[in-house]
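Note that this note's numbering has the sequence shown beginning at 97, numbered continuously upward.
Think of the hints as simulated: they come from the structure by calculation, not from any bench. Keep in mind that the hints are not guaranteed to be accurate.
[Claimed, not checked] Restraint-style ranges between C-beta atoms, simulated for each label pair:
no., residue 1, residue 2, range
1, Q275, N331, 41 to 51 Å
2, N109, Y326, 48 to 58 Å
3, V314, F175, 24 to 34 Å
4, A335, S125, 19 to 29 Å
5, S337, K138, 45 to 55 Å
6, D263, E242, 20 to 30 Å
7, Y255, D124, 35 to 45 Å
8, Q275, A335, 46 to 56 Å
9, R323, D124, 16 to 26 Å
10, K289, Q334, 34 to 44 Å
[To be verified] BS3-like, lysine-lysine: derived pairs with alpha carbons at most 27 Å apart:
no., residue 1, residue 2
11, K225, K208
12, K138, K289
13, K208, K172
14, K138, K172
Even glycine gets a Cβ: it sits at the ideal position worked out from N, Cα and C.
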Amino acid sequence: MKKDHSEAVPVINALCGGLVVSCQPVEDSPMDRDDIVLAYAKTAILSGANGLRIEGVNRLAFVRPHVEVPIIGIVKRDFEQYPVRITAIEDDVLGLINAGADIIAIDATMRKRPVPFTELVTLVQSQGKCVMADCSTFEEGVMASELGCDLIGSTLSGYTTDSVPNDPDISLVERWVEQGFRVMAEGRYNSPKAVESALKAGAWSCTVGTAITRPELVTEWFVEHARSGYEQRKNNQQANSLKG
């Protein structure tokens with residue numbers, strides 16, 4: 097039975113039917129600066145984005161006073177014993193809340209972790225904030241919904257296996273929508289058409305990062321295709337010369 101979305105808090109309703117821009121530059125790149133992330137955030141909002149996804153407590157605190165749209169906050173942290181990276185400990189949850197995050201995104205995968213997912217969800221809820229579950233499978237989304245998470249994200253679909261697909265997992269979005277979940281389509285949404293497909297499939301909102309705020313990687317895409325085209329041209333020329 098589908099769930100009633102009428103009780104969604106205003107910050108969640110503000111994202112409905114729109115775009116969230118993830119402002120996370122490639123680490124240690126020339127764009128990896130607070131002022132540039134703020135510029136990304138302001139530009140995204142001026143261009144119509146409904147919300148932002150910001151990584152890091154200090155960076156979120158830097159951006160927060162300058163924007164009014166909802167911010168999804170995360171902390172990425174590497175652990176020696178655990179594969180999870182996204183907002184995996186209590187200190188990071190509280191840090192993001194104190195920095196002004198409206199929604200806390202947490203790794204919801206069923207992998208070994210330093211703190212149980214349920215405890216982190218309860219902590220966020222006790223502070224009156226919303227929870228986004230960054231999931232990789234259908235079952236994880238069901239579990240997160242049962243815990244009362246406000247948004248179920250496809251963020252990690254394809255990233256917990258050996259190889260990462262090229263396309264976004266719209267089928268997962270569709271399955272969750274059928275359950276009545278508020279779905280944040282996220283992960284490899286690298287074209288306007290993909291975003292359109294996600295919203296058409298019933299996603300509550302869609303998050304785009306790399307294609308908008310990681311020019312380092314986007315440039316690599318274009319360079320790769322430029323080189324490929326050039327090599328194909330050379331090969332064709334060589335083939336034609338041999339025929340002659």
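Hint check:
Between Q275 and N331 the Cβ separation comes to about 50 Å, which falls inside the hinted range of 41 to 51 Å. Remark: the range hint 48 to 58 Å for N109 to Y326 is upheld by a beta-carbon distance near 49 Å. Between V314 and F175 the Cβ separation comes to about 30 Å, which falls inside the hinted range of 24 to 34 Å. Checked against the given bound of 19 to 29 Å, the beta carbons of A335 and S125, roughly 39 Å apart, lie outside it.
Between S337 and K138 the CB atoms are about 54 Å apart, so this pair conforms to the stated range of 45 to 55 Å. Checked against the hint of 20 to 30 Å, the C-beta distance between D263 and E242 comes to roughly 28 Å, which is consistent with it. Between Y255 and D124 the CB atoms are about 21 Å apart, so this pair departs from the stated range of 35 to 45 Å. About 54 Å separates the C-beta atoms of Q275 and A335, a value consistent with the hinted range of 46 to 56 Å.
At roughly 25 Å, the beta-carbon separation of R323 and D124 lies within the given 16 to 26 Å, and the hint holds. A hinted range of 34 to 44 Å for the beta carbons of K289 and Q334 is consistent with their spacing of about 36 Å. In summary, the hint linking K225 to K208 is supported, as the alpha carbons are separated by about 25 Å, within the 27 Å threshold. For the proposed pair K138 and K289, the alpha carbon gap of about 24 Å is at most 27 Å, so the pair holds.
The suggested pairing of K208 with K172 holds, with an alpha-carbon distance near 16 Å, which does not exceed 27 Å. With a C-alpha separation of about 23 Å, the suggested pair K138 and K172 falls inside the 27 Å cut-off, and the hint holds.
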